[in-house]
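Start from the sequences, fold in the hints, and give me the full structure.
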Amino acid sequence: MSYEYDQASLPDLLPLYYRRLFPFSQYFRWLNYGGVTKNYFQNREFSFTLKDDIYVRYQCFNNQSELEKEMQKMNPYKIDIGAVYSHRPSQHNTVKSGTFQALEKELVFDIDMTDYDDVRNCCSAAEICSKCWTLMTIAIRILDRALKEDFGFKHRLWVYSGRRGVHCWVCDEAARKLTQSARAAVAEYLSAVKGGEEAIKKVQLSDPIHPFIKESLKVLQHYFEDYALVNQDILGSKESIDKVLALLPEEVRDLLQNDFLKVKTAAQRWECLKKRVLQMQGALKKGVYGDWDIMFQYCYPRLDTNVSKGINHLLKSPFSVHPKTGRVSVPIDLKLLDQFDPFAVPTISLICQELDKALEGDEEANDKENEGEPEQKRRVRDYKKTSLAKYVKVFEQFVEKMEQSWKGELLKKSDQQKDF
Amino acid sequence: MLFSGRRQKIVRLTGDRQADLYPHSLQFYGQPPTENISLSEFETFAVDRLKLLKTVENLGVSYVKTSDQYATKLEGEFRKLHFPYRVETDEKSLDTEYDKRRKDHISHFILRLAYCQTEDLRRWFIQQEMDLFRYRFHMLSKEPAHDFLKFNNLHYESISDEEKNTLKEELINSSYGFSAPKVEDHDFYKVPFQDALDLVRGRKVYLREGLAYIPHQEIVAIVLNDFRTRLSKALAITARSLPEVQSDERLQPLLNHLSHAYVGQDYSIQKNIGKISLEQIDPFSTKSYPLCMRHLHKALRENHHLRHGGRMQYGLFLKGIGLTLEQALQFWRSEFIKGKVDADKFDKTYAYSIRHSFGKEGKRTDYTPYSCMKIILSNPPSQGDHHGCPFRHSDPELLKQKLQSYKIHTNGITQVLDLVKGMHYQLACQKYFELTHSVDDCGFSLNHPNQYFVESQRILNGGREIKTEVTQNETPQQILTNPAPKSATVPEENAAKTKGATKEAGCKRN
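Chains A and B are the protein sequences, given in the same order. Residue numbers for the first sequence follow my numbering, so the first one is 2 and each next one is one higher. Residue numbers for the second sequence follow my numbering, so the first one is 310 and each next one is one higher.
By construction, these hints were calculated from the structure, which means they are not laboratory data. Since we're looking at a predicted model, the values are computed, not measured. Certain hints may be false.
What the hints assert, rightly or not - Heads up, incomplete: computed chain A residues facing chain B, CB under 10 Å, no partners named:
no., residue
1, 54
2, 99
3, 116
4, 118
5, 119
6, 153
7, 191
8, 193
As the list claims (entries may be wrong) - So the derived label-pair ranges between C-beta atoms look like this:
no., chain 1, residue 1, chain 2, residue 2, range
9, A, 7, B, 546, 50 to 60 Å
10, B, 653, A, 70, 27 to 37 Å
11, B, 610, A, 53, 49 to 59 Å
12, B, 344, A, 287, 47 to 57 Å
13, A, 344, B, 538, 42 to 52 Å
Unchecked claim - Subject to a maximum C-alpha distance of 20 Å in a straight line, what follows is the list of computed DMTMM-like cross-link-like pairs (lysine to aspartate or glutamate):
no., chain 1, residue 1, chain 2, residue 2
14, B, 374, B, 507
15, A, 402, B, 518
16, A, 202, A, 189
17, B, 477, A, 216
18, A, 52, B, 651
19, B, 654, A, 54
20, B, 711, A, 199
21, A, 244, B, 706
22, A, 265, A, 234
23, A, 202, B, 704
The C-beta atom is built at its ideal place from N, Cα and C for all residues, glycine as well.
This is the structure:
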């Protein structure tokens with residue numbers, strides 16, 4: 002049986018997906034945030050991309066049931082989540098000009114593999130492979146640590162975008178309330194690779210090395226040799242070597258061209274490089290770190306600060322399907338980060354077929370038991386029969402952890418209002 | 310003798326001057342002034358403060374804000390325009406110091422009226438007022454600074470010695486210029502990171518669990534942040550009561566003129582619209598485009614695509630030189646189709662955003678072409694981008710190669726690179742203008758890419774007669790921005806004579 006995905010079959014697969022597999026319950030529990038703030042869910046903007054590239058903004062829903070019904074009716078190809086506004090998004094035109102405003106939204110990050118094209122040897126543009134996927138692993142490790150330890154954010158959801166990158170949703174209350182200026186500052190703090198097409202050396206580490214850079218360096222050192230020297234082979238061909246050496250000051254470069262003549266393997270060349278840099282430490286200008294500069298330029302996370310800055314920015318929703326690849330945008334289990342394989346992420350055609358198979362099996366065995374069961378309960382068991390199960394579990398754990406923090410909030414609030 | 314506000318001191322002020330009103334040389338502008346003033350004082354105060362803020366803006370681009378040159382030049386401006394900056398005053402100047410502080414207070418609130426109206430104006434006003442505040446706060450030594458902050462209810466918690474010891478390594482490595490003994494000697498404070506955004510943004514502070522560990526002297530950054538937040542909120546409130554103010558006929562003309570003055574000409578009102586044909590674009594790009602646009606145009610032709618930042622910067626520039634919406638659509642479409650975008654997709658996605666920037670979609674704002682300041686300071690390019698200012702954002706080596714490929718002689722290139730090193734990006738672009746047009750003196754002070762185009766066309770078309778009409782810099786508001794272009798409109802015979810004279814007043818003003 003072929004599980005090949007074909008974009009043309011989306012109109013047939015999406016209805017099944019939204020009726021039986023999309024985890025509406027956990028999704029609503031997440032975005033409702035425990036109902037602590039009035040109208041938080043109702044004032045949230047969603048946008049849908051429908052068949053034939055029709056794009057509709059300012060969608061909003063009163064409750065989980067309405068959300069489900071609408072999605073099952075429209076069968077969107079793509080779903081984006083926007084901000085929580087001051088009014089129902091559907092009323093944005095009727096409200097007095099200037100008063101309709103985006104108030105809160107999760108702090109989000111978008112890491113896209115194409116931003117690394119100048120340092121990837123294996124793929125370019127929309128392609129990814131197991132060799133360059135490590136860049137995403139590195140990005141997640143570095144950014145997640147900082148968001149947790151430096152910024153104190155506790156509720157971070159990392160999601161595979163479905164094609165060539167990852168997203169992060171930071172859901173703490175403090176994060177959702179951040180101003181645009183604060184979001185930009187956080188994104189700046191986390192950035193180290195700067196420069197457009199015209200910049201050769203895109204990294205400028207400070208002197209002294211900031212604790213954040215120090216921690217990030219530890220991660221880079223852990224992955225660099227396997228990723229860059231082996232998989233990407235950046236010290237393999239002459240062209241590649243020249244590119245690497247271009248990041249070093251001329252004096253070091255000249256010496257190394259010589260050194261390299263005496264060794265054979267990439268690993269040896271890297272050792273030479275590190276040795277030379279160490280040796281010339283005193284003579285080098287402040288802020289030039291040689292091998293560290295190279296590691297940062299080739300591996301450090303590149304994030305699109307514009308995505309993180311805007312409070313009203315719309316970002317692809319978790320569990321949305323990527324129309325080009327058919328893959329579901331699934332949460333990533335950080336405990337198993339190194340084992341995450343984007344090519345093992347289920348496509349919508351796979352899970353629909355798995356569901357069909359399971360239903361056939363069910364019909365034979367448990368006909369009577371399924372009768373009269375409410376749709377929702379059935380759906381809960383449905384996704385468990387597919388490869389989607391483990392990803393929904395990660396999502397469930399994420400939501401549960403947040404719920405524990407809201408419980409305290411609701412109690413506090415009801416105490417204040419004296420609702421006993 | 311100090312303005313200390315202590316009641317025992319006999320503060321001898323004359324006339325209506327209230328003793329306790331202005332205890333410090335700077336303030337947070339929390340309370341609006343409540344007295345009556347004459348219309349002429351209203352106007353003078355507003356115009357003087359605007360001049361001051363414009364100077365702050367110009368100096369901020371040309372000099373490092375903490376340098377001595379910056380400080381001296383700004384101080385000169387303060388004195389010239391009668392604004393307060395000195396911390397201590399002697400008995401004789403109590404009255405004048407009071408008057409200056411009063412002027413500072415009132416003029417700030419008047420400008421709020423002019424600058425609260427749009428997002429762009431607010432942003433500009435807040436930026437200059439912040440730079441102004443930072444400068445004056447820096448003038449305060451530890452004691453007066455402490456007093457000023459306490460007076461304004463800003464409290465901050467210091468960390469225990471134990472904690473400082475545990476974090477010593479981290480504190481040394483995150484606070485600029487802090488060695489181990491310095492860390493031991495100084496107080497550090499724990500502040501929520503949201504209150505120290507400037508330091509967070511530049512990674513100049515140690516962060517843990519969402520708290521920033523700030524050395525005492527960096528408290529300025531926090532104070533500035535607080536200042537910005539307060540001012541931002543205040544401007545939003547002011548905007549809401551603006552209709553009432555604007556209905557006052559006496560104030561309306563002044564307030565309008567003020568808010569247009571700061572951008573100078575914004576190239577949004579097109580007298581030359583439709584006078585350009587698409588065939589002219591390629592030759593224009595090599596002859597009359599500033600380097601940033603030349604680069605964007607080339608990248609577009611080569612890749613048949615530009616990312617959003619590039620489309621905005623270049624697209625609005627094209628609008629500014631006179632392209633109509635129809636021409637723009639045709640231009641972008643024909644180029645994108647050569648690449649990976651099919652006609653259908655173009656019409657559905659990119660066409661929308663082009664119409665949007667012409668004010669024909671969405672909230673129908675007619676977006677204005679970006680000024681040099683905007684291009685240099687906001688939205689820096691990242692991987693895959695071609696927008697920005699090449700003098701600011703390109704690697705100097707690559708910039709050199711590019712200028713060489715444009716057949717600019719080595720001497721000239723060196724001059725350009727020197728200016729870039731000194732961070733005088735607009736002057737570097739002016740030099741590029743001079744080299745590509747073979748003139749000694751460009752004759753204008755560059756601050757907008759469309760201005761570059763207009764000036765270039767003027768020279769290439771021989772003086773007054775230009776292919777694309779432009780409104781001359783005659784109105785009073787222009788007096789506050791740039792001197793009118795001189796050498797370009799002078800008939801050829803006198804060009805040599807006036808070149809010497811205008812050299813001082815022209816390009817070197819920055």
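Sort out which numbered hints this structure fails and list those numbers smallest first. 11
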